[in-house]
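*Asks:* So the chains spell out like this:
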Amino acid sequence: MISPTLISMISAALFFILLTLAVYHSYAKLQQKLQKAWLNPMLLSILTLIPFLLLFNIPFEQYYQATTSLNKLLEPAVVALGFPLYQHLQTIKKQWRHIMVLLLVGVFIAISISFIITLLTINQYDIAVSLSLKSVTTPIGIALTEQLNGSNSITAFAIILAGLFGALLGPPWLSLIKVTSPKAQGLAIGAASHALGTATISKVSYEHAAYSSLALIISAVISAIFSPMIINTLAHFLQ
Amino acid sequence: MFSHIIYSIFSVGLCLLTGKVIEAFLPILPASLYGMMIFTMLLHFKILNAKRIQPCIEWALANMAVCFVPAGVGIINHFELIKAHGFTLVTIIFFTTFLLLTFVGLVYQRQLNRQQLTAIKEQSK
Numbered sequence: 001m002i003s004p005t006l007i008s009m010i011s012a013a014l015f016f017i018l019l020t021l022a023v024y025h026s027y028a029k030l031q032q033k034l035q036k037a038w039l040n041p042m043l044l045s046i047l048t049l050i051p052f053l054l055l056f057n058i059p060f061e062q063y064y065q066a067t068t069s070l071n072k073l074l075e076p077a078v079v080a081l082g083f084p085l086y087q088h089l090q091t092i093k094k095q096w097r098h099i100m101v102l103l104l105v106g107v108f109i110a111i112s113i114s115f116i117i118t119l120l121t122i123n124q125y126d127i128a129v130s131l132s133l134k135s136v137t138t139p140i141g142i143a144l145t146e147q148l149n150g151s152n153s154i155t156a157f158a159i160i161l162a163g164l165f166g167a168l169l170g171p172p173w174l175s176l177i178k179v180t181s182p183k184a185q186g187l188a189i190g191a192a193s194h195a196l197g198t199a200t201i202s203k204v205s206y207e208h209a210a211y212s213s214l215a216l217i218i219s220a221v222i223s224a225i226f227s228p229m230i231i232n233t234l235a236h237f238l239q
Numbered sequence: 001m002f003s004h005i006i007y008s009i010f011s012v013g014l015c016l017l018t019g020k021v022i023e024a025f026l027p028i029l030p031a032s033l034y035g036m037m038i039f040t041m042l043l044h045f046k047i048l049n050a051k052r053i054q055p056c057i058e059w060a061l062a063n064m065a066v067c068f069v070p071a072g073v074g075i076i077n078h079f080e081l082i083k084a085h086g087f088t089l090v091t092i093i094f095f096t097t098f099l100l101l102t103f104v105g106l107v108y109q110r111q112l113n114r115q116q117l118t119a120i121k122e123q124s125k
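Residue numbers (my numbering), protein chains in the order written: chain A, 1 to 239; chain B, 1 to 125.
Mixed in with the good hints there might be a few duds.
Unchecked claim - With a cut-off of at most 25 Å between alpha-carbon atoms, the simulated DSS-like pairs for lysine-lysine come out as follows:
1. K93(A) <-> K46(B)
2. K203(A) <-> K94(A)
3. K121(B) <-> K178(A)
4. K20(B) <-> K46(B)
5. K33(A) <-> K203(A)
6. K36(A) <-> K203(A)
7. K203(A) <-> K46(B)
8. K51(B) <-> K93(A)
9. K125(B) <-> K72(A)
10. K46(B) <-> K94(A)
11. K121(B) <-> K94(A)
12. K203(A) <-> K29(A)
13. K178(A) <-> K203(A)
Worth flagging that the hints you see were computed from the coordinates, not collected in a lab.
From just these sequences and the hints, can you work out the full model?
*Replies:* So, in C-alpha cells, the structure goes:
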C-alpha cells in the first residue's frame, strides 16, 4: 500500500517542478523572441513565483522541498561546464600564464573587497560570503556558498545582478576606457559577469565568446580553490 | 539521437562519480569540479566523443539556469534584510563587478598592446 502522505508529497513535487519549468520555459521563449539581455528568464521566473507563493500562502520550505530534484542537478551542471573548457583549451595553451596570473589577482581582489565591504557595512557573515561569490558561475557559486555557510538565495540573486550589470553595461564601459580588443573585452566580461555576460557578448564575435567562456571557467576554478582560504582568513581578522 | 542522449548522460555521470571518489580521498575541491576537470581531459584525449556529446551539452548549458530558480525564490525569507539594506547590497554588487571588469579589461588590453608592439618592432628589424 502507498500511504496517502506519500502520494500528496509526490504530487506536490510534480506540481511545483512542472510549474517552475513552465514559468521558466515561457520566459526563455519570450527572451528568445525579443532578444533582450535584461529579460533574464531566471530572474523573471523568481519574480513571478514569489508573489504566487505569497498569494496562495505556500511556505517557501514546502516549495523548496518539493523542488529538491531540480537542485540536485547542480552537480552534473558543473561537470557539463567542462565542455566549453575543452573547446577553448587551445586558446589557453598560447596565453595561459598571462591569463592565469591576471585572473588569479582579479579574483583575489574581487572576493576580498566584496567580503570586507559587506562585512563592515552590514555585519552579517552569510551575506558577505554570498556577495563575494557573485562573479562565479551559478552552479559553482551555489556549491561554494553551501560549503562556506553563506546564503543560497542571496548568492543566486547577487549572481544575476552581477551578470546583468556586466552584460548590459560592460561592452559600452570597456569601449569608453579604451579596452577595445575582443580578447580583452571577452576576458573581462567572462571574469566579472560569468555565463550571463558570456551569453550576451558571444553574439558579437567568436573571439569574444572564446575568451569570455574561458575566463568564466578559469575564474570559477580559481574561486573554488582559493575562496575558502581567503574568506576564512578575512573572517578571522575581521570578527 | 536517443543513443547520443544516453551517451552524454552516462559520460557526465561517470565523471561525476569519479569526482566523488577523488573527493573522498582528497577533499580540497567539490566533487563536481573534479568531475568537470576529468570531463575536459577525457574530451581532450578523445576518450569521449565530443561530436556525440555536443548537442546534448549545449542544450543543457543553455537551459540549466532553471535549476537555480528554487534557490533564488528563497529570497522570500530575506525581505527584512532587503528592506533594511537592499540599496547598500546592490551598490556593493554594482561597484565590485565594475572593479573586476575594469581591472581585467585594462591589464589584458595593455598586455596585448605590448605584445603587438614587440611584434611590430621585430618585423621592422
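*Asks:* Take the hints in turn and mark each one as holding or not.
*Replies:* Now for the hints, and whether the structure bears them out:
no.	hint	in the structure
1	K93(A) <-> K46(B)	holds (18 Å)
2	K203(A) <-> K94(A)	holds (24 Å)
3	K121(B) <-> K178(A)	holds (23 Å)
4	K20(B) <-> K46(B)	holds (22 Å)
5	K33(A) <-> K203(A)	holds (15 Å)
6	K36(A) <-> K203(A)	holds (12 Å)
7	K203(A) <-> K46(B)	violated (28 Å)
8	K51(B) <-> K93(A)	holds (22 Å)
9	K125(B) <-> K72(A)	violated (60 Å)
10	K46(B) <-> K94(A)	holds (21 Å)
11	K121(B) <-> K94(A)	holds (21 Å)
12	K203(A) <-> K29(A)	holds (18 Å)
13	K178(A) <-> K203(A)	holds (21 Å)
Going down the numbered hints, you'll see the structure goes against 7 and 9, while the others check out.
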